[in-house]
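Asks: Please arrange chain B on chain A, whose structure you already have, making use of the hints.
As they're listed, the protein sequences go chains A and B.
Quick note: to get the working numbering, add 331 to the position in the first sequence (first position is 1).
Quick note: to get the working numbering, add 331 to the position in the second sequence (first position is 1).
No lab work stands behind these hints, which were simulated from the structure alone.
As the structure is a computational prediction, the values presented were derived from the model and not from experiment.
Careful, some of the hints might be misleading.
Remember, identical chains collapse to one label, so a pair may be satisfied in a single copy or spanning two.
[Unchecked claim] No more than 16 Å apart at the CA atoms, straight line, and that leaves these computed lysine to aspartate or glutamate pairs for EDC-like:
1) 384 to 499
2) 435 to 562
3) 622 to 562
4) 452 to 424
5) 340 to 432
6) 340 to 525
7) 510 to 379
There are 2 protein chains.
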Amino acid sequence: MTSEFEIIKRYFSDSSGDAVLGVGDDGAIINIDSSREMVVTMDTLVCDRHFTKDADPASIGFKSLAVNLSDLAAMGARPRHILLSITLPSVHEAWISRFRDGVKLLLDRYSVGLVGGDTTKGSTLSISVTAIGDVVTGTAIRRDKMSIGDDLWVSGIVGLGAIGLLVERELLDVDPTVKRDFLDRLHRPMPRVELGQALSGVASAAIDVSDGLVADALHLANSSEIALEIEFDKIPVHHTLSTKKYEAVVQDCILGGGDDYELLFSAPREMSRAIQNIATQCDLALTRIGKAVPGRGVTILDQGISLTRDFKKGFDHFDKCD
Amino acid sequence: MTSEFEIIKRYFSDSSGDAVLGVGDDGAIINIDSSREMVVTMDTLVCDRHFTKDADPASIGFKSLAVNLSDLAAMGARPRHILLSITLPSVHEAWISRFRDGVKLLLDRYSVGLVGGDTTKGSTLSISVTAIGDVVTGTAIRRDKMSIGDDLWVSGIVGLGAIGLLVERELLDVDPTVKRDFLDRLHRPMPRVELGQALSGVASAAIDVSDGLVADALHLANSSEIALEIEFDKIPVHHTLSTKKYEAVVQDCILGGGDDYELLFSAPREMSRAIQNIATQCDLALTRIGKAVPGRGVTILDQGISLTRDFKKGFDHFDKCD
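Chain A on its own, in the form it takes in the complex (with noise of 0.2 Å):
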């Protein structure tokens, strides 16, 4: 998110209304009645922004709903329904049937209803999702309550998403075993919506890695109004990609790439043998890769001294701004 779509955000962050939880979350959180509360999110994406014109069909329906349904998910939340609203500069069929595939992969996986949406002709295809989930009231797991002293956590691998753009690009060569893995993790990220929900009551905080580990990181830590300390060599590296042949852009796709969807979480050291636990029922690594700390900002700590590389500056040939 570049500084000057921020200013959309103040724009309208005053505007909430009664709900428990406005603008500013991976989703807002409303309430239903004294026993449920409803958690809803709105993604757009939008081709060449988010995804190349000949992109696979399935893949840009996949993932509109993943990106969704990683909000929920990084709220604890259980999804139940979605809209979809498609802009589209003409209408092909086989396009639109292999979209609506990868749509209900996940519609199907999660027992989510598609029940509204919008049709509209446009210059450039572009797709817009909103994900309704809902959670035991008071149990949504939000960014601003993480303390000093928890420990931070990620799930699975960071830094695949963007491993998979610079293979797809050809600036990377990877082992061709793997090829196939770190493409499908740009194209079809599996949003972590069963950990969401077991982190519930466990989690002190969440959020998805979508914007880079460092940029959400700050998100947690700036939200919670604390710091947080990273340790390099505690965050999980893929296997094919743990070589000083790979050493920078490899450190630069796991601190600065975004993309991944994994959840990164903060929880008491008590939790843990309740997140090994989480680990073993939903078969996904948990690491713990840092802690809470006084102060404000993330700090990545390399053998103990800190790293002051600009992430996201490293990462502007992504052409990200949100």
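Replies: Same frame as chain A, but now just chain B:
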């Protein structure tokens, strides 16, 4: 809605999950608890399709909300929250500020919270809004509950949005004292939120007039699997337009124009007095213009003779696709 865009609806019509009512009405109905249901709707406005590049940003903001609140009104729902996603080529703070002012006019008027959304950079200005409302369980007004013998009613005056467009394009000269009114009807249509809620329990079916009176009457008739007869001379016409001078073009605008956001609804004859009371309460003309009869389709009767012109075709110059 052209037939090719109907294709998309067909592809997604079997995925509503456990919603009470899914794709195909003005909004979807989702069960909340035993006493309330949620009504959700999502519409996208795209530059050069729904507004021009140099349109007043406040009007774009206003209309983005209005079309969605109008869908909630057509379901009899009380609007509660919206999510708003803006895609724009670049950020100009003055533009955003004006846009926000237009959005806030309707947020404030109906005490609606803006709880989330997205901002994305993209080559075409586009706005998607999701509106969330609620109703007492079972009281949402649907399109498919009209019965033979029901009267057909319309609120206010239809055709003014289309006339506003002709005036803006300098294709029609109107009384200078009402020119501004017609342009306002096009750019800042007032959603019939109070009327929609008042009609809950009174109207048997309802839709908002967005595609055009005949087209939307046909949506009602098809959803309820019966026919509608509309008496042309019962349809209210703006007092400055009811002259021979304008006859043909006004007829086209009234029957085929769309973009009015008045409510078209049916009700049993015994509700007539209740409807007149609602008209007084909402300070809005409600006019009985026809009735539901056996059969299929919509017939426009002029002095008892059926008009057979294709009103959709007549409006191809509006370049409408949805």
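Asks: Hint by hint, note whether the structure agrees.
Replies: Here is how each hint holds up against the structure:
1. 384 to 499: Answer is within: at 14 Å inside a copy they meet the 16 Å cutoff, but 35 Å across does not.
2. 435 to 562: neither (39 Å within a copy, 45 Å between copies)
3. 622 to 562: Only inside one copy: residue 622 and residue 562 sit 9 Å apart there, 73 Å across copies, limit 16 Å.
4. 452 to 424: Close inside one copy (15 Å), not across copies (28 Å); limit 16 Å.
5. 340 to 432: Classified as between; 14 Å across copies, 33 Å inside a copy.
6. 340 to 525: neither (30 Å within a copy, 30 Å between copies)
7. 510 to 379: Result: close neither inside a copy nor across copies, 22 Å intra and 41 Å inter.
Hint check: violations occur at hints 2, 6, 7; the rest are consistent with the structure.
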